[in-house]
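4 protein chains.
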Amino acid sequence: MSPSSNFTYLGPEGTFTEAALRTLPEAATRVLVPMVSVPAALDAVRRGEAGAAMVPLENSVEGAVLITLDELATGEPLTIVREVYLPIAFALLVRPGTRLSDIKTVTAHPHAQPQVRKWLAKNLPNAQWEPSASNADGARQVQEGRFDAAFAGEFAAATYGLEPLVTEIHDAENAITRFVLVARPARVSAPTGADKTSLVFQLPDDHPGALLELLQEFAVRGVNLTRIESRPTGEGLGRYFFSIDCEGHIGEQRVGEALKGLRRICPDVRFLGSYPRADELPSKPRPGTADADFTRASDWLARCLDGRV
Amino acid sequence: MSPSSNFTYLGPEGTFTEAALRTLPEAATRVLVPMVSVPAALDAVRRGEAGAAMVPLENSVEGAVLITLDELATGEPLTIVREVYLPIAFALLVRPGTRLSDIKTVTAHPHAQPQVRKWLAKNLPNAQWEPSASNADGARQVQEGRFDAAFAGEFAAATYGLEPLVTEIHDAENAITRFVLVARPARVSAPTGADKTSLVFQLPDDHPGALLELLQEFAVRGVNLTRIESRPTGEGLGRYFFSIDCEGHIGEQRVGEALKGLRRICPDVRFLGSYPRADELPSKPRPGTADADFTRASDWLARCLDGRV
Amino acid sequence: MSPSSNFTYLGPEGTFTEAALRTLPEAATRVLVPMVSVPAALDAVRRGEAGAAMVPLENSVEGAVLITLDELATGEPLTIVREVYLPIAFALLVRPGTRLSDIKTVTAHPHAQPQVRKWLAKNLPNAQWEPSASNADGARQVQEGRFDAAFAGEFAAATYGLEPLVTEIHDAENAITRFVLVARPARVSAPTGADKTSLVFQLPDDHPGALLELLQEFAVRGVNLTRIESRPTGEGLGRYFFSIDCEGHIGEQRVGEALKGLRRICPDVRFLGSYPRADELPSKPRPGTADADFTRASDWLARCLDGRV
Amino acid sequence: MSPSSNFTYLGPEGTFTEAALRTLPEAATRVLVPMVSVPAALDAVRRGEAGAAMVPLENSVEGAVLITLDELATGEPLTIVREVYLPIAFALLVRPGTRLSDIKTVTAHPHAQPQVRKWLAKNLPNAQWEPSASNADGARQVQEGRFDAAFAGEFAAATYGLEPLVTEIHDAENAITRFVLVARPARVSAPTGADKTSLVFQLPDDHPGALLELLQEFAVRGVNLTRIESRPTGEGLGRYFFSIDCEGHIGEQRVGEALKGLRRICPDVRFLGSYPRADELPSKPRPGTADADFTRASDWLARCLDGRV
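Residue numbers (UniProt numbering), protein chains in the order written: chain L, 1 to 309; chain Z, 1 to 309; chain F, 1 to 309; chain A, 1 to 309.
Rather than coming from a laboratory, the hints here were simulated on the basis of the structure. Everything hinted at is true.
If we take Cβ atoms under 7 Å as the criterion, some of the chain A residues that face chain F in the derived model are:
1) P185
2) V188
3) V220
4) A297
5) V309
Taking lysine-lysine pairs in the DSBU-like style, the calculated list, with each CA pair at most 35 Å apart, reads:
6) F:K104 with F:K118
7) L:K118 with L:K104
8) Z:K122 with Z:K104
9) A:K104 with L:K104
10) Z:K118 with Z:K104
11) F:K104 with Z:K104
12) A:K118 with A:K104
13) L:K104 with L:K122
14) F:K284 with L:K284
15) A:K284 with Z:K284
16) A:K104 with A:K122
17) F:K122 with F:K104
Bear in mind that the values here come from a model prediction, so they are computed numbers and not experimental data. Don't be surprised by glycine CBs; every beta carbon is placed ideally from N, CA and C.
Taking the hints into account, I'd like the entire structure generated from these sequences.
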């Protein structure tokens, strides 16, 4: 099998990321390779050792997964080809026989903490929290006896010989994590009519209204933003880049024109892909911004130039 | 000679419009035909009986020439191919021998009145003002003895056997009238780098921010407006169309894209021509809006679509 | 009677302006004084010889009455206190006994021409058009035998001993003229909930987006514009002032704040009055822009400053 | 001593936060109390057990400190009263006698990792990274012998009986962390002319241009944003609140009016304080937006209302 038939993911085995990856039909025929970190998963794709990588991008409770944002914003370009939404519910995994009252230490990835904080305060107020490199790694450490319990996906129990003592733990109703499948740049697949486009850009310079101007490049063409994150460029406080998602597909004219508008005024724009929306919500272009409207306007302009009016 | 070798103009002979037309080199080889009104001058072009018509469009004291705005906004399409700026100074034309103290009645086109009002109040406070159909027609009526004096261009004196009693009359310093040469739609001539574009459009509907939205179609592409006039559509108070000029040429991408943006959201846009600026002031596109910037952005978009990033 | 009990109007007797003035209850107890021109009617108010003046401001077919716009924009300040909408229909007034086939010359004010042009072309194609200083003055000249017929309001027939040969003449359906009653500045009367505010301002300087910025001062506070006119300042082509109407009353906070915003950035703003709308259409402030919202926000700010949050 | 004479900070002793706190003159006379977490430091202030708390807010390399953002956005209101910028450079702390080649494990707070990653890859490529609850806590664990080395501020060495083996470690030049001193709401101190204001707000609803509208409330009054962060509300993907800083002080009119504008349209705005800028850069209000301009405009409006124009 060629390396590109591998799909990497944020491991170890038993993570929510693996669970997200397994929801994709195309994953069924691939070798799924757990990696120790988001950068490791992505770099394997960059080096051609894997065809794609599944990584978490944001969570409805925790917010953006910063390492993913930052990794996609720099280094060799990668593009998002799919997104997966996964409802997040934790199980409290323990070695068989452990009772709630036996638990002195609990572990999980720091990202899990805000999602189980209230449950913990109510049910294990005296347990000591210890961070682990991932939820699945926490489960492994419980298996090894280092900690008494781990918050992880219920599906991780079998992998580590543990049992779920409590399930469906989630402080927030409807907590969802969004994962993205990332690949090396290639010809973008055709619009489905229900797509999203991701971008990273830096503001042209320090002038006050710059963000407003850039948002207007989208607004004037009726392109809605669904996510906007600012991240430091590392060049000093107050210097940011922005990571955004917008509705629509780069192959649709309103989106293409907005992207070109951005590109003309930003020193740096990175296209992170156009891909089908996980929620399959079709785009409803504002009147006057559908592809047919753009085509009609172009035809009209051609007629004006030719004097055929 | 073919009819299209005729150029009509707002007559009669001796008008400022004729003087403006004669400043154009191309007028030297044409038959110049005075018409009784702006509509008459334009309709001759529409019917193919003239190649072009010279008409006044606006004056720095009086404002827009409404009949010209309205005529260009409706009926068979016409486009502006040239503009001429003419400083306006009046002469007081009288029958030979007339002295200032003899003058009981003065005439001129109503448009002239605001430009000579102060002079009149100071020098002929008791003279009665009578409107005439044009300044030159006023001169004709003086010749016929109906009125004692007419305000008109000094060049009209000879035509009507009058003499200029006073010259260089103009209440406002630097009064200028802008004339346009109008022809049937044809292939638009190439950009010169110092061009203007004229348009007429109706707001999409009654919603409050509509004008703001339309101005943003220009602003977001760095296209400056140099004139904006609202005129009633005739469908009731509060229903307007707008007549505007912007910097740049329809063949320049920032202008073309702004026009297409307008066209996508306005029920009706009429292109009135792209033509060299009379003041020859070169366009200075805002950074990121020159044609080269548009081309670079299009190339970038094509690479994104192809995965060549 | 004190001079201020006089109301002047654009005369002579029998004009539409007089008819508009007579629709106001307060006119019943005043001496109504016809004046020869809009400036004359307004100057009588400025000099204290009249309490108010009724003048035409705009027409749904013809557009703005430029002399009124210009007069209100300059000179001693005046403010609008009332507006009246009058449907415009002309009667063809003739000396008793005149038949349609007898009519060789017709007259009216030039503003009337666009409103009767089609009727004329169809019914009196060969009659010669002569301009008169006002429609009523045209009627007077018919009485004197100088012209055969005059277009004027049917109500003018009696004044000049004429008879209406044809009535209800108007090329456009629903042609309406808007008149305003203008007085010296005084304490503005309280908001009625269905008001309009008029303003004149000059753009801060030549910078391209200036008009856009000014419109945003209104838009950001949800204040709708109902009329916008540009007029030359007289300082050269491309230099304009703007005359606008907006919904609402200077005493309403969203309007007051927008006006202050304008005033902060424009070199020159002239308040032309807040007055009840003739159509009595109540303002529907956008959510968040009613006076109660402003008051709540001010209270909140005060609490923030005080630390009472 | 009263409880409010205590200042809490993100501990344990020896953190950068403590170092930042000690730069403030007012800290010299207080009891400085290390707390185990940002929430613990803030809750002590909320409960009245401390007068203020020093916590990290953002870092030029890492970005926002999310727990601080989230804690300030919810729960009992707190406001920022001071900010401190601290250049961040790490020392590698070891037990006395340890050599570089002895180091098998290194620890630090996860936030430190991105700032020492490159140094680590070059100088200790084989060392295993272990997260600790804080940099100072990592130092404590080195003292206890659990790990071989810790990245922390050089000032932490003495506290834990360690020695700095290497100093001035920072991958990025000029890495800076911004700390804020937070207190219970009280009367805001007067503007210094070089201030910043912090806010948290939620967009009014899901409508596309909402963020743009809110930014315009600032832009139209010339108020510059210096930081904008989006954070999930926890109510589902795509639902965000925004945490921003702007130039200026709530007591300055342009800022106060922008805040009121925000408050009128946002379901929820939380004022997080106006305080002197650490960089002491004076605000330069855009022409027309200084307090004097607001006062002049208010005076003008009052004159308009009174008819004194």
